[in-house]
Amino acid sequence: MGSDIQASAKLSKTSWVAYAVLVGLLTAFPLIDRNTYHLSVGIIIGIYCIINLGLNLLLGNTGQISLGQAAFFGIGAYTAANLTGRINWASWGLEGWSFLLGTAGGMAMAAILGFFLGFLAVRLRGHYLAMATLGFQIIISVVMLEWYALTGGPGGFQVSPVAALGPLKFNNEMRYFYLTWAIVVLSLWATRNLCMSRIGRALYAIKEYEQLAEVCGVSPTKFKLQIFTFAAVLASLAGSLYAHHVISIGPSSFAVEISLMLLVMVVVGGLGTVWGTLIGTIVLYSLPEFIRYMAELEYFSPEVRRALADNNYHLLIFGLVLAIFVLFFPRGLVGLFSGRRG
Amino acid sequence: MAFLDVHEVMKDFGGLRALDGVSVAAEPGQLISIIGPNGAGKTTLLNLICGLFPVSRGEIYLAGQSITGLSSCRIASLGVSRTFQVARLMRDKTLMDNLLLGFHTRTKSGFLANLFSLPSSRGEERWMRERARELLSFFGLLEHETELADTLPYGRQRLVELARAIASEPRLLLLDEPAAGLNEEETAGLARLLKVILTQHPSMAIILVEHDMKLVLEVSEKVVVLNFGNKLAEGPPGAVLNDPQVIEAYLGKQEND
Amino acid sequence: MFLTLLVQLTIGGMSIGCIYALVALGFHIIYKGTGAINFAQGEQVMLSGFIALTFGVILALPLPLVFLLTLISGIVCGWIYERVAIRKILNAGHLSVILVSVAVAIILENGGALIWGKEEQPFPGFSGETALKILGAGINPQSFWVIGLTLIVVVALHLFFTRTNLGTSIQAAASNPTAARLVGISPEKVVNRCFIIASALAACAGITGAPITLVGGPLGTLLALKGFAAAVVGGLKSSLGVVLGGLLLGLLEFYVAFYISQGYRDAISFSVLIFALLFRPQGLFARGD
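Chains as they are written, first to last, in this note's numbering: chain A, 1 to 342; chain B, 1 to 257; chain C, 1 to 289.
Keep in mind that the hints are not guaranteed to be accurate.
Stated by the list, open to error - To give an idea of the interface, some chain B residues facing chain A are shown, with a C-beta separation under 7 Å as derived from the structure:
hint, residue
1, C73
2, G79
3, R82
4, L100
5, H104
6, T107
What the hints assert, rightly or not - Where chain B lies over chain A, by a calculated footprint (3+ residues, C-beta under 8 Å):
hint, stretch
7, 193-204
8, 207-218
Said to hold, decoys possible - Derived SDA-like pairs: lysine to any residue, alpha-carbon spacing no greater than 25 Å straight-line:
hint, chain 1, residue 1, chain 2, residue 2
9, C, K88, A, L336
10, A, K222, B, T199
11, C, K88, A, P330
12, B, K108, B, S66
13, A, K222, B, G123
No lab work stands behind these hints, which were simulated from the structure alone.
Note that the structure is a prediction, hence the values are computed from the model and not measured.
By construction, the Cβ of each residue, glycine as well, lies at the ideal position given by its N, Cα and C atoms.
Extracted from the complex, chain A is given alone in its bound form (with noise of 0.2 Å):
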């Protein structure tokens, strides 16, 4: 999070500069590259930065484990889905609205869910916390398996491609991809305001300092409601978007692996920092990304090849990634290029 005093200074430097830089890169992206493969990573990337910026205002600022972000991301792409599909909203006249409004239905679930789960963390600290979280999250991942007619089980759910704002369509990769990263783009915004804010100092003295900060008047409770509910927001936000976009969603997409990946993502990006979170992101998505394309090089060898192109392959990078981060690297990648305090 940096000083707030530098921040709020030179907020126009600095902060400006990135920001600049963010969006000139991705409004020439897609007109640069139009390989609709390459956009579609793009926009699951934007997607993960959306959920994990709320992961890392839960874990990183307040010190909040929680391993079932990826059950919110699913409860928001299942409802919107059923929203948008199964209701007739030409009868009502507003099918350039449904997604809006399916959107909408999927995050006002998430957060009486993620409120609950704030209800947990509570009363809870540290594994137990995790262990509830976790426990939420198996619970989601059945009820997506077995509650079959809202979720059409293991075989999925179809999803009606109605992406759009009135009358304005998201029918093609690269307005889809303009409409996830203007998301992205706000919610960077959005959460870097809170981080600055009191709030923001509230949470963080939430994080280590629980006691200290009762005693200036900041209460625990409200605060980690509140995050939860937001964190599960952003989420299931992110979680339409997704369905949106791939048209057809599993359970498997929003299982506990997916959390873990998540949790991977934050701390590998470098914790409490909104950059890092993005950039963390970004990498660690486009490292199997990377190794997929690898493997349809001719340059290796069939045998590797199959092996490149084996997803055990990329996790078990995945987890090596971590083991070194978390073991050498504590404060992420945001922490080797600022070369602060290691």
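Based on these hints, arrange chains B and C on the given structure of chain A.
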């Protein structure tokens, strides 16, 4: 009823009775010192008043309102501030950030307002920082505002804690051995500071737990002596410090140590 | 008829419960010695299953030798794990230890799948495959091996912690590390030994449970979660508590799967976990933490 009315409070920790029916009263504008040998229950009393621990028996009233059993966060929002025996600052944060935490109860912009950086939240932030700079200036710390808390010498850390405690404009200020670790010059400075604070905030009551008798003599209007969880004596500083019972309590402790 | 069902469900529940109990004991010992949670515990069980598979099926060595070799391999892996990953990170706080053990769990799970294959593989029962008939119920004989082994382990651990030098020093170091250091007990050694014991437990669970749970497949993570859930519900600090927690969880699973729903079985188990955490976070059988 007094402004701060601590009435017959008892505190048991398992089998150990830390406080055995202690009563203390304070009025706005008063500085009351609590002294006594180690283990007398002084810090426990502070912890009870600010709500970090619940009382086992007894009541505590602030301005006529019962604060017994309220959470420390609720009590803080009612206008009670404290400092700790060992300065508790957020190590990795700047002086300014640490001080700003003290303004939490005086600000109220919510989650959404700050999320979207609405004008109300930005206005509050500006106001907070201005007030914070005034406070830093008053404490002579303005040029250190961007330094990290754990790089500061201990004396300055204590000052920052004190500044944070009064940032919230408390009605009741609890100070836990603010002179611990300070040299003579710094302690004298602290005494002057406390007097100025009292003049500037005539409706504030201060409870001071201390071992430094010079400081106690200099700033207190009333002194309360605790020994083994009981109130041993109470009265003007000169009288109390010369009370033979009080002296014996301290000497007795010294002999046994 | 009802009695047959009772026997079937109870013995089945107890045998999987014993496997959970062994995993839970592993969590308990490491928590006791270090205050940290080893998320890789379940994967260590899986790894031992794979190792047993190599020695017992691929190399077709006799069972006692397989048991011994698996145990030794488990212990060596545990020693390496502690030395390389844990020792460095123990002072950095609980979150770091959790993260490192999550990393190791990911590595073991995927490394295992890459080396031995992604599909679940069968492992021969110790005394054959024919079901034993008890009160009309067909019982897998391996159940008794599992239950018997767990009993032996529990007794052995109890004796170890109360009668041996190392055991008592671990107890001492766990309750008062500073005092322990003053009397010459090295905390680093304690941590190392705790990891070794937990790894040995994982090896026992891995090889004895393999015929029942099969080797490989997605069970590893789930095993860790359930073992941890059992430990937390029973009371992380109480060795008897974690064992009872494991048995309870196993029985709950079997009965719920039969009477309520097979599919929702895990959801119900974990809901019970969350309830238990909410109302008695120190564990059902803890001695008033």
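Do the hints match the structure? See the list:
1. Here the hint on C73/B is kept, as its CB sits about 4 Å from the closest CB of chain A, short of 7 Å.
2. For G79/B, the interface hint is violated, the least distance from its beta-carbon to any beta-carbon of chain A being 9 Å, above 7 Å.
3. Annotation: interface hint on R82/B holds; nearest CB of chain A at approximately 6 Å, less than 7 Å.
4. Hint status for L100/B relative to chain A: holds, with the closest Cβ pair at about 6 Å, below 7 Å.
5. Hint status for H104/B: holds, given a least beta-carbon distance of 5 Å to chain A, under 7 Å.
6. Proximity of T107/B to chain A holds as hinted, the smallest CB-CB distance being about 5 Å (cut-off 7 Å).
7. Evaluation of the coverage hint for the stretch 193-204 of chain A: fulfilled, as 9 residues show C-beta separations to chain B shorter than 8 Å, against a requirement of three.
8. Judged by the Cβ-Cβ criterion of 8 Å, the stretch 207-218 of chain A is covered by chain B as claimed, because 10 of its residues qualify and three suffice.
9. For a cut-off of 25 Å, the pair hint linking K88/C to L336/A stands: about 19 Å separates their Cα positions.
10. The hinted pair formed by K222/A and T199/B fails the criterion: a straight-line CA distance of about 36 Å is larger than 25 Å.
11. As the CA atoms of K88/C and P330/A are separated by approximately 12 Å, the hinted pair is consistent with the 25 Å bound.
12. A distance of roughly 24 Å separates the Cα atoms of K108/B and S66/B; the hinted pair therefore holds under the 25 Å criterion.
13. Under the criterion of a C-alpha separation no larger than 25 Å, the hint pairing K222/A with G123/B is consistent with the structure, at around 23 Å.
The structure is inconsistent with the numbered hints 2, 10, although it conforms to all the rest.
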